[in-house]
Amino acid sequence: MATMVQGIRMALHYGERHLDLKDIFGQDAGPPLGGVFTATQGLKTAWNTPLDERGIVGTAIGIAMTGQRCVGEIQFADYIFNTIDLLKLAGNNLWCSHGQFPLPLVLMTPSGAGIHGSIYHSHSFDSWAVRLAGWKVVCPSNALDAYGLMISAILDPNPVLYLKPKALLRVKSKDKIPGEPEDEKELKKRIDAPIGSARENWKPNWPLLQEYKVPIGKGKIVQEGEDLTLISFGRSFYLCEQAIKNLKDVSVELIDLRSLYPYDWKLIKSSFQKTRRALIVNEDTEVANFAEHLAYRMVQEGFYHLLAPPSVLSGKQVPGVGLNPNLESATVPQVSDIQKEIQKLIADSW
Amino acid sequence: MTKQLSLSKEQLIKIYDLMVKARVTEERLIHIYKQGLGYFWIGGPGEEAFAVPLGLLIDKGRGINKDWLYLHYRGLPTLIAMGLSMKEAFRTVLNKATDQSSGGRNFVNHYSLPQWNVAPVTSVIGVQYSMAIGTAYAQSRTKDSKSLTVVTGGDAGSHEGDFATCLIWSSRPKKELPLLITVQNNQWGISTSYANQHGSKSIADRARAFQIESYVIDGNDPVESYHQLSQAIQNIRKNRRPVFIEAKVSRLYGHSSASGANYVKEEECCVKKFESFLIKEKLLTKKQSEEIWFNYKEEAKKTQREVMKEEDPQGNTIWNYIYDKGENADWRKF
Ligand SMILES: Cc1ncc(C[n+]2csc(CCOP(=O)(O)OP(=O)(O)O)c2C)c(N)n1
Numbered sequence: 005m006a007t008m009v010q011g012i013r014m015a016l017h018y019g020e021r022h023l024d025l026k027d028i029f030g031q032d033a034g035p036p037l038g039g040v041f042t043a044t045q046g047l048k049t050a051w052n053t054p055l056d057e058r059g060i061v062g063t064a065i066g067i068a069m070t071g072q073r074c075v076g077e078i079q080f081a082d083y084i085f086n087t088i089d090l091l092k093l094a095g096n097n098l099w100c101s102h103g104q105f106p107l108p109l110v111l112m113t114p115s116g117a118g119i120h121g122s123i124y125h126s127h128s129f130d131s132w133a134v135r136l137a138g139w140k141v142v143c144p145s146n147a148l149d150a151y152g153l154m155i156s157a158i159l160d161p162n163p164v165l166y167l168k169p170k171a172l173l174r175v176k177s178k179d180k181i182p183g184e185p186e187d188e189k190e191l192k193k194r195i196d197a198p199i200g201s202a203r204e205n206w207k208p209n210w211p212l213l214q215e216y217k218v219p220i221g222k223g224k225i226v227q228e229g230e231d232l233t234l235i236s237f238g239r240s241f242y243l244c245e246q247a248i249k250n251l252k253d254v255s256v257e258l259i260d261l262r263s264l265y266p267y268d269w270k271l272i273k274s275s276f277q278k279t280r281r282a283l284i285v286n287e288d289t290e291v292a293n294f295a296e297h298l299a300y301r302m303v304q305e306g307f308y309h310l311l312a313p314p315s316v317l318s319g320k321q322v323p324g325v326g327l328n329p330n331l332e333s334a335t336v337p338q339v340s341d342i343q344k345e346i347q348k349l350i351a352d353s354w
Numbered sequence: 049m050t051k052q053l054s055l056s057k058e059q060l061i062k063i064y065d066l067m068v069k070a071r072v073t074e075e076r077l078i079h080i081y082k083q084g085l086g087y088f089w090i091g092g093p094g095e096e097a098f099a100v101p102l103g104l105l106i107d108k109g110r111g112i113n114k115d116w117l118y119l120h121y122r123g124l125p126t127l128i129a130m131g132l133s134m135k136e137a138f139r140t141v142l143n144k145a146t147d148q149s150s151g152g153r154n155f156v157n158h159y160s161l162p163q164w165n166v167a168p169v170t171s172v173i174g175v176q177y178s179m180a181i182g183t184a185y186a187q188s189r190t191k192d193s194k195s196l197t198v199v200t201g202g203d204a205g206s207h208e209g210d211f212a213t214c215l216i217w218s219s220r221p222k223k224e225l226p227l228l229i230t231v232q233n234n235q236w237g238i239s240t241s242y243a244n245q246h247g248s249k250s251i252a253d254r255a256r257a258f259q260i261e262s263y264v265i266d267g268n269d270p271v272e273s274y275h276q277l278s279q280a281i282q283n284i285r286k287n288r289r290p291v292f293i294e295a296k297v298s299r300l301y302g303h304s305s306a307s308g309a310n311y312v313k314e315e316e317c318c319v320k321k322f323e324s325f326l327i328k329e330k331l332l333t334k335k336q337s338e339e340i341w342f343n344y345k346e347e348a349k350k351t352q353r354e355v356m357k358e359e360d361p362q363g364n365t366i367w368n369y370i371y372d373k374g375e376n377a378d379w380r381k382f
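Quick note, the sequences are listed as chains B and G, same order.
Numbering-wise (our numbering), the first sequence opens with residue 5 and increments by one.
Numbering-wise (our numbering), the second sequence opens with residue 49 and increments by one.
The shape of chain G in the complex, shown without the other chains (with noise of 0.2 Å):
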């Protein structure tokens, strides 16, 4: 654990306390679908001491002069951290028709939250790193804007041409784009290990090819994250141009619901591993920290309970949004 302490403890007890609520609230969807309640998970545990300070450095809100997001299906930590209630995450598990991302038609953890400029998640493994690029070079040309984009990925996400898209139209001289791109690599796809699949010495070292100012980074570490993150963003904000971070993360939680969802305790806890550090630094007594974790579990149980009394979405809705502005897109009507 990093031990340069240059975070004031109410930030460092601010990161656990986000890393915990993001852990709790991984460990119910997990729970949902386990209960033959949700069709399907896929999420983040592993990646809140990465995604957590992410979430808390976004200058968060609506519209070209704040920082815009394009997250893969384990961004929620991230977006617990932005400030995302459990409610929300519990809707799109349990498809609901009040699921402000897609009203129950999109997967699990795939947002789509306009108010805070948080592009639709897609199942599709690359496309938001050809999709981000649009987005920021839209800020690149606002005059004395400081917002920037941030796309993040996984390790085999990176061998989609979507990632080499993103680092040639990011870097193109005199035209670089103030994008961060991180990849949060834990390792594997699916069943493909990472260790088999790459010649290069590390995803970075192919930014680096493109004059991108590049980092790996312990993403398991908050502190180092927060860190680092929070360089490479106001690097960004001032001086317009993309900077590539890897992070090495945990897959805690396996795959996905497909590959049975089970806690993988070979692979390292960072919400665990910080809050030893914390009780041994004394910033927090293991008294406190249990109170956090009971705390976070009650709201998860009674949220559900609220959220699975909410409406399922209707048939006869499907037509809706296909075309803006109630516009009929059923050739049937034309």
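Looking at chain B on its own, in the form it has when it is part of the complex (with noise of 0.2 Å):
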């Protein structure tokens, strides 16, 4: 099976081919590293840029202006914070105009922990993205969601930011691509670079990939249970997944949000309704964290529901996530600290 990585460069190919994207472009993105995490490998329209982040974001914005399709990257979210300006312009400029000049372009960096990045290759931007007007933010949690997620995102008006968690891009997908060759040893051929001087004449030999969208906006039951609701997205959503595997006497259901902004309120509330408890995980700092919104609403929407206090796990009020692994561990939630909160929200429910 296509790995994360993999999906996301299929659903650019799909792009370029069939919905009209035209330009795909970041830092190393072109010929010959195809982006340091390969996500942009092989395609026809990516090209290198300056080491210019907010030339990266301006551009996005001057192509889109014109109604032209544009994929830019971000290397890492870490550096998207001197962009933050133009992020915000980008989502104000329809609302500016009036209605006139929709932004139809997707920003994509690699978010998050996992990878003992250290200080500026794990951060998250999940939480900041969210306060920007006028975009729409998405984060997968497998290759199938990647690919869908990318699809609906370029073909989408309005500015896209796509948020890859970086500790999955390797991932293997546990669903078929549609298009996808059976056999992974023979994906791998046809669409990653060789290393070294093979690489200069290499072409991919693309798979008759198929149109398959996960529309924005929709999050996903992954797993349905009784007795609490635990919501997450990305790589978080990951731990999660791994926390419920062997945990006795809870019944879990797992919701993986994918959309950020606009968030799945429907599915999120229908189903703390249900289990009348709630836990919502993910990586950013934890003060005015995008979960406590969530946790908010679901006290004034359901109050009356709950037996415990909805939950937010989330990254700590830390300047940064250190390098040493237990630092890390410190720092962002991990599995254990997942179950140790359900396990308090069932033990603390009244």
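Bear in mind the hints are in silico, worked out from the structure with no lab data behind them.
Every residue gets a Cβ at the ideal spot worked out from N, C-alpha and C, and that includes glycine.
Don't take every hint at face value.
Computed footprint of chain B on chain G; a stretch qualifies when at least three of its residues, placed anywhere within it, have a C-beta under 8 Å from a C-beta of chain B [as the list claims (entries may be wrong)]:
#	region
1	169-178
2	212-224
Counterexamples of contact, computed for chain B against chain G with all Cβ distances above 12 Å [stated by the list, open to error]:
#	residue
3	Pro36
4	Val175
5	Ile199
6	Ser201
7	Trp206
8	Asn209
9	Ile225
10	Val226
11	Glu230
12	Ala312
13	Pro323
14	Ser333
15	Ile350
16	Ala351
Take each chain as given, in its own frame, and dock them per the hints.
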């Protein structure tokens, strides 16, 4: 099965082949490297930019201003911060122009911890991102969703921030991407660039891919349950899956949010009203975390349904994620933290 | 004043007429502000001699094969030259629902006009230099296109990183962009003087470092401006390479209403100067010039009265146009 990064790459290929996607660009996005995580390897329209994040975002806005579709990449979410006023502008362009200038652009960036990336390769951006009105924000947790969300993002007439959970980029999918060859070795041979001098004349041999969309704004119940709703996305979702695997005596309903904004409130609400307990997990720092908004809304709209206060597990409010594994695991939620919090919520119920 | 009158009498009078129209429109905007009817004023009086010729040289229209404009908040004279009505200007200062550019959301002179490829003007200093490169890039890979992108800004704005971004991205080897980059140097950024902040002799020198053809011109001279802009624009249309122009201009009413919006008599007035020149050269009579001023002033008064009767935007419209095609962006309705 394809890895997540292969899924993203295939979606981008589908985009340039069928969806009039004209430009994919970023630092080292074009040949020979095709992206530091290889997400843009072998793509016809991928090109290298100067090492200038503001230029990348500005260029994406300028291309989209003409109505043409593009995908820009910021090499790591940690380096997106110096573009924040341009992100604000991209989000308000349609609103400020009273509906006259939509910006059909996608900005993708690897986000989050889990690869021992130290202070500047571990940061999350999701809670910052959802405050940028006018943007849509998505984050997949598996290769098939990564494929389907990218196709939806390319087709969306609004700016879409596509967060790639960097720790999951090499994780293999459980589900087949439509059109992907049966044998994963064959897929690798066809679309992964060889190392060394063989790369110079290499061209990918793309499989015949099909359109598959994961609608933006729609989450998914991945496992049904009765006692508690566990909500997450991206890498934290993956950890949630591990956390509940061997959990005895508690029946957990697991939701993969997939879209952070717009978010699937109907799904969340119907689930926590049934289970009457909720835990939301992500990696961004905890103060003014996006999950607090969801928890607040649960209290506002579901107070009398709840058996325990809705809980949020997120990154500690510290300036960075330290390199030593002891530091990293003390900073962003781990499998054992999720398990403990679930037990606590069950125990604390009235 | 440049003597080489390769412009016809009609062209010279047309430029003068539009300069007066732009000036009268700006002065009426200031008046509206001072009447307490608008919340803020900022605009382009003092830049007409440069900005009107620029507007006249634009191949205006919609789409990639027409010119694109990334203007800053002093761009009104350019748009007047392109045909913008006084009405549209007054709608911005009075923040009316009828304001095409933003429906009363944005500041005065912050235009957004897709019919002429005028990208939304933003208050954020410098950012237009980063965005313009994307549009010029899209034009550069459009086969047989002669269209270009124009980006304008102020001298203090050239301190922002976006200005450097623009020089770097527009001059990449074999990927040069059809971009006209201008800086209207009025020697000020609010209260901070140009002289105190620039180690370089001119801003144009910075563009030269990237092999970008660069000029410093007298932006108070409409004839020189017309010629230089015309040459630059022809050059870009043909060679698909950037050109940089630094135009020395005046800031006739100070920075904005925040600094009083009062006439600064020490600054050179390009409209009066051009008018004296035309009268001296017998291309215009005193009486004709008085008539032009009078007619535009009357038009301005009448237009203000009309626009004041137009509707204000209502509070329940704030959720409109966050997402395209009417899609809801209010989380309460998710
Ligand atoms: C990024 C940013 N910083 C500060 C301001 C406040 N501000 C508005 S205009 C201005 C001065 C701009 O000077 P210059 O670029 O020379 O243009 P001028 O107004 O003189 O035409 C400043 C600092 C702003 N709008 N945007």
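| request: Confirm or reject the statement that Ile350(B) sits farther than 12 Å, beta carbon to beta carbon, from all of chain G. | output: Per Cβ check, Ile350(B) is outside 12 Å of chain G; nearest 28 Å; holds.
| Is it the case that Ala312(B) keeps its Cβ farther than 12 Å from each residue Cβ in chain G? | The claim holds: Ala312(B) sits with its nearest Cβ about 24 Å from chain G, beyond 12 Å.
| request: Mind taking a look at whether chain B covers the region 169-178 of chain G? Criterion is 3 or more residues with CB to CB distance under 8 Å. | output: Answer holds; 5 residues pass the 8 Å Cβ test.
| query | Just checking, Trp206(B) versus chain G, shortest CB gap more than 12 Å? | reply | holds (23 Å)
| task | May I ask you to check that Ile225(B) keeps its beta-carbon over 12 Å from the closest beta-carbon of chain G? | result | holds (17 Å)
| said: Checking a non-interface call: every C-beta of chain G should be farther than 12 Å from the C-beta of Ser333(B). Is that right? | reply: holds (33 Å)
| message | Taking 8 Å as the Cβ threshold, is the statement that the region 212-224 of chain G is covered by chain B upheld or broken by the three-residue rule? | response | Three-residue rule met by the region 212-224 of chain G, so holds; n is 4.
| request: Take a quick look at Val226(B) and tell me if its Cβ sits farther than 12 Å from every Cβ on chain G, holds or violated. | output: The claim stands: Val226(B) keeps its Cβ more than 12 Å from every Cβ of chain G (closest is about 20 Å).
| query | For Ala351(B), which was marked as not at the interface, is the minimum beta-carbon distance to chain G over 12 Å? | reply | holds (32 Å)
| Interface-negative label, Asn209(B) against chain G, beta-carbon threshold 12 Å | Consistent with the label, Asn209(B) stays out of reach of chain G, its closest Cβ about 26 Å off (over 12 Å).
| request: Against chain G, does Pro323(B) hold up as non-interface, every C-beta pair farther apart than 12 Å? | output: Holds: least Cβ distance 24 Å, greater than 12 Å.
| message | Using Cβ atoms and 12 Å as the threshold, tell me whether Glu230(B) really stays out of contact range of chain G. | response | Label holds. Min Cβ-Cβ 25 Å, cutoff 12 Å.
In summary, this structure violates none of the numbered hints.
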